[in-house]
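Q: Sequences listed follow chains A and B, in order. Plus 1276 on top of the position in the first sequence (first one is 1) and you've got our numbering. Plus 3 on top of the position in the second sequence (first one is 1) and you've got our numbering.
Don't read these hints as lab results, they were simulated from the structure. It should be emphasised that the depicted structure is a prediction, and the values quoted were computed from it without experimental measurement. Even for Gly, the Cβ is constructed at its ideal location relative to N, Cα and C. One or more of the hints may lead you astray.
[To be verified] Covered stretches of chain A, as calculated for chain B (at least 3 residues, CB under 8 Å):
#1 1413 to 1422
#2 1443 to 1457
#3 1507 to 1513
[As the list claims (entries may be wrong)] Some, not all, of what chain B presents toward chain A, calculated at C-beta under 10 Å:
#4 Met51
#5 Asp64
#6 His68
#7 Ile71
#8 Arg72
#9 Gln83
#10 Ser87
#11 Asp116
#12 Cys120
#13 Ala122
#14 Thr126
[Unchecked claim] Restricting the straight-line Cα-Cα distance to at most 16 Å, the calculated cross-link-like pairs of lysine to aspartate or glutamate (EDC-like) are:
#15 A/Lys1413 <-> A/Glu1398
#16 B/Lys75 <-> B/Glu60
#17 A/Lys1499 <-> A/Asp1483
#18 A/Lys1370 <-> A/Glu1359
#19 A/Lys1499 <-> A/Glu1477
#20 A/Lys1413 <-> B/Asp98
#21 A/Lys1499 <-> A/Glu1359
#22 A/Lys1357 <-> A/Glu1477
#23 A/Lys1413 <-> B/Glu65
#24 B/Lys75 <-> A/Glu1318
#25 A/Lys1370 <-> A/Asp1381
#26 A/Lys1386 <-> A/Glu1337
#27 A/Lys1459 <-> B/Asp116
#28 B/Lys75 <-> B/Asp64
#29 A/Lys1450 <-> B/Asp98
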Amino acid sequence: MKMKDKVQPDRRAFLSTAAMTATALAAGVVLRTVAQAEPRSEAADDSVRYGMLIDTNRCAEGCDACVQACNRENGLDLQEKPEGAEDGKWALQKAQWIRKVQVQDNLTGKRTNLPLMCQHCEHPPCVDVCPTGASFKRADGIVLVDRHICIGCRYCMMACPYKARSFIHQVVEKKLTQTPRGKGCVESCNLCVHRRDNGIESTACADACAAEGHQAILFGDLKDPNSPLVKALERIASRQLREDLALNTGVRYAGV
Amino acid sequence: MANALVRGCLISASLAWALSAQAAGGSFVVPGSKAASEKSCVEPTAFMRRNHMEVIEHQRDETVHSGIRATKHSLAGCIQCHVSRDSNGTPIPVDRPDQFCGACHRYMAVRPDCFGCHATVPTSAALPRQPQGETN
């Protein structure tokens, strides 16, 4: 009831925002359809480098919209618990691309929430250690796994300072066309690479965060000086997680 | 003489069987799939029969490493076109022994590895969780 009372006076503003959002959404749907009609036929190149800025001040405690959206987009919610597996063990074992992390400053008690995923390093340790070349960095800066040549040794999981990678232990029955998944391979966040290749300029997590009204995740091109991402990075103090490792991560955090 | 006759009969019988099997090869395209209404595959049928795996493998590297997703030689394109649907419109997995991939591969006794990771039915891009025509 309280909320309703609050909202009522702003009804007109709300309706106009809703109308604008609807228009924007409709335009988005059209763009998306056009983009999907013509999937990319040229190779990804290094004129772009994809990255994200995550503003932890906007990241809400208890909200896991980005994680849920990622799970849906990439079929992670289709994983099934192996027969006889314990719930606790399965929760630790199943593939997860985004983890919601909370850090606390014990002196002040200040708690900070952040989604943690593959940081898409310029110098990725997972690529350094991969014995087969399955773990690689695409020209546009996306770090991903070529499952065709992954032998499942899991060196990359050991090497990653961000615990970003997961291993698929069991035969996978349900999978999506856009995200193949199979037993014996390692995987992690690929910045919604299928969206990149189909010309959709966002990620599932950023979309979900914006839909929740938090707008904590900003996705874009780090090399485009006019992109909203670069403008935001110029304006807001941000840092890399574990910057001491000099990996030059593509995902930056503000407020940590 | 009798032996030669028997041998001749056996040879002609096996030849006839082989020929009929090869002729049946044309009918591995499952009725009701989009492929059944096409004149030919993305390349001539004879070429595709022998070389489809090379074509897919070439495209696979281009897609994973360079992000090229033109659908002409993509596995997703194969499945989109060759999948058939049951009476409810639910797509039937292409690797089932009576379906396009499964039938021929069973006949040739070759096990494809594609479907260890790749989906066997097309999933809608707009609603990625739901295979087209299925409500789960």
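Q: For every hint, state whether the structure bears it out.
A: Now the hints, each set against the structure:
1. 1413 to 1422: holds (count 5)
2. 1443 to 1457: holds (count 8)
3. 1507 to 1513: Answer violated; 0 residues pass the 8 Å Cβ test.
4. Met51: 21 Å, violated
5. Asp64: Nearest chain A Cβ about 8 Å off; hint holds.
6. His68: Since chain A brings a Cβ to about 7 Å from B/His68, closer than 10 Å, the hint holds.
7. Ile71: 6 Å, holds
8. Arg72: Holds - the Cβ of B/Arg72 comes within 10 Å of chain A, reaching about 4 Å at its closest.
9. Gln83: Where the cut-off is 10 Å and the nearest Cβ of chain A is about 8 Å from B/Gln83, the hint holds.
10. Ser87: Violated: closest Cβ of chain A sits about 17 Å from B/Ser87, beyond 10 Å.
11. Asp116: 9 Å, holds
12. Cys120: 3 Å, holds
13. Ala122: 5 Å, holds
14. Thr126: Because about 5 Å separates B/Thr126 from the closest Cβ in chain A, which is inside the 10 Å limit, the hint holds.
15. A/Lys1413 <-> A/Glu1398: 8 Å, holds
16. B/Lys75 <-> B/Glu60: 13 Å, holds
17. A/Lys1499 <-> A/Asp1483: Since the Cα atoms of A/Lys1499 and A/Asp1483 sit roughly 21 Å apart, the hinted pair is violated (cutoff 16 Å).
18. A/Lys1370 <-> A/Glu1359: 14 Å, holds
19. A/Lys1499 <-> A/Glu1477: 15 Å, holds
20. A/Lys1413 <-> B/Asp98: 32 Å, violated
21. A/Lys1499 <-> A/Glu1359: Violated, because 47 Å separates the two Cα atoms, which is more than 16 Å.
22. A/Lys1357 <-> A/Glu1477: This hinted pair is violated, its Cα atoms lying about 33 Å apart.
23. A/Lys1413 <-> B/Glu65: 14 Å, holds
24. B/Lys75 <-> A/Glu1318: Answer holds: B/Lys75 to A/Glu1318 is near 14 Å, not above 16 Å.
25. A/Lys1370 <-> A/Asp1381: 30 Å, violated
26. A/Lys1386 <-> A/Glu1337: Distance ~12 Å between A/Lys1386 and A/Glu1337 Cα, so the pair holds.
27. A/Lys1459 <-> B/Asp116: Status holds; Cα separation ~12 Å.
28. B/Lys75 <-> B/Asp64: 14 Å, holds
29. A/Lys1450 <-> B/Asp98: 14 Å, holds
Checked against the numbered hints above, the structure breaks hints 3, 4, 10, 17, 20, 21, 22 and 25 and satisfies the rest.
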